[in-house]
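Given chain A's structure and the hints, the job is docking chain B onto it.
Residues per chain, in single letters:
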Amino acid sequence: MLDKVLFYFFAGIAVASAVLMVTRRNVVHSAIFLITALLATAGIFLQLRAEFLFIVQIILYVGGIMVLFVFVIMLVNLDVALQQIQFARQKWVALIVALALAGQVGVMFWTSGKMPGQGLPVLTAAAAEHLPPNSEAVAKSLFSTYLLPFEIASVLLLVAMIGAVVMAKKRT
Amino acid sequence: MLPIEHYLFLSLALFIIGVIGVVTRRNVIVVLMSIELILNAVNINLVAFSRLYGDVSGQVFALFIIADAAAEAAVGLGIIIAFFRNRETVLADEMDLLKW
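Protein sequences, first through last, are from chains A and B. The first sequence lines up with residues 1 to 172 when you count with the working numbering. The second sequence lines up with residues 173 to 272 when you count with the working numbering.
Read the hints as simulated data drawn from the structure, not as lab findings. Hints should not be assumed to be uniformly reliable.
Unchecked claim - Mimicking DSSO-like on lysine-lysine, the simulated pairs with C-alpha atoms at most 27 Å apart in a straight line are: (1) A:Lys91 x B:Lys271; (2) B:Lys271 x A:Lys170; (3) A:Lys169 x B:Lys271.
Stated by the list, open to error - Covered stretches of chain B (chain A as the covering partner; in silico rule of three or more C-beta atoms under 8 Å from a C-beta of chain A): (4) 197 to 211; (5) 214 to 222; (6) 229 to 235; (7) 250 to 262.
We put the beta carbon where it would ideally sit given N, CA and C, even for glycine.
Just chain A, same shape as in the assembly:
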């Protein structure tokens, strides 16, 4: 029961602020609504008992990436951009793409009950009190099975850091 209430609470906030993010004219408002959407997603992670990702989502997304976004919004000239048209005339493209995506998932749900052995799994998740400590399990998996992708991710971050500095520095 509590699970259900929490899920609908956070999901409602996430979807509502995502819609507002896409439709607001002001870029700063969009950034604020994206922050609330990401925080609501962090709540969904907590409801799924993924405590480590909950913390990472708040620290890295809200504390890191969104601060970067707000900095860049402050750097580029906002007043001029506000008076221009904010929406490209691509409403029909957007509608078609959205309908195609929704149709795909709808077909998947529709056929999932039809064929035996296909579609969504019907197993039930383990009870919350039987789960291992989350951070410990993630760390064990990250540093044993996924050690090589972990190192590759660190190289990727290094490349991105150098790339961002090279892009943003003044040409001399």
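Only chain B this time, still in chain A's reference frame:
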């Protein structure tokens, strides 16, 4: 845990809203933010299935996606700053230097 369909529908809704944002907005910063929203929707899927199967691999992949989103945001915003310095605009349809 609720049935897996709840999480799939939430993820689908966020994904579609993100795609609509990418297609319809002119401001490149909002386009980048919509991409962050799409990556986030994928993370919900991964964590939900990780919980369903009792396997933390999904959460590890979600971590990699978050690292990827950070790298993408840093490089993308660097490009935006460099472009704004040259052309004084952040609108996607005025970025036509490679078009003739």
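Where does the structure disagree with the numbered hints, that is, which hint numbers, in rising order?
none
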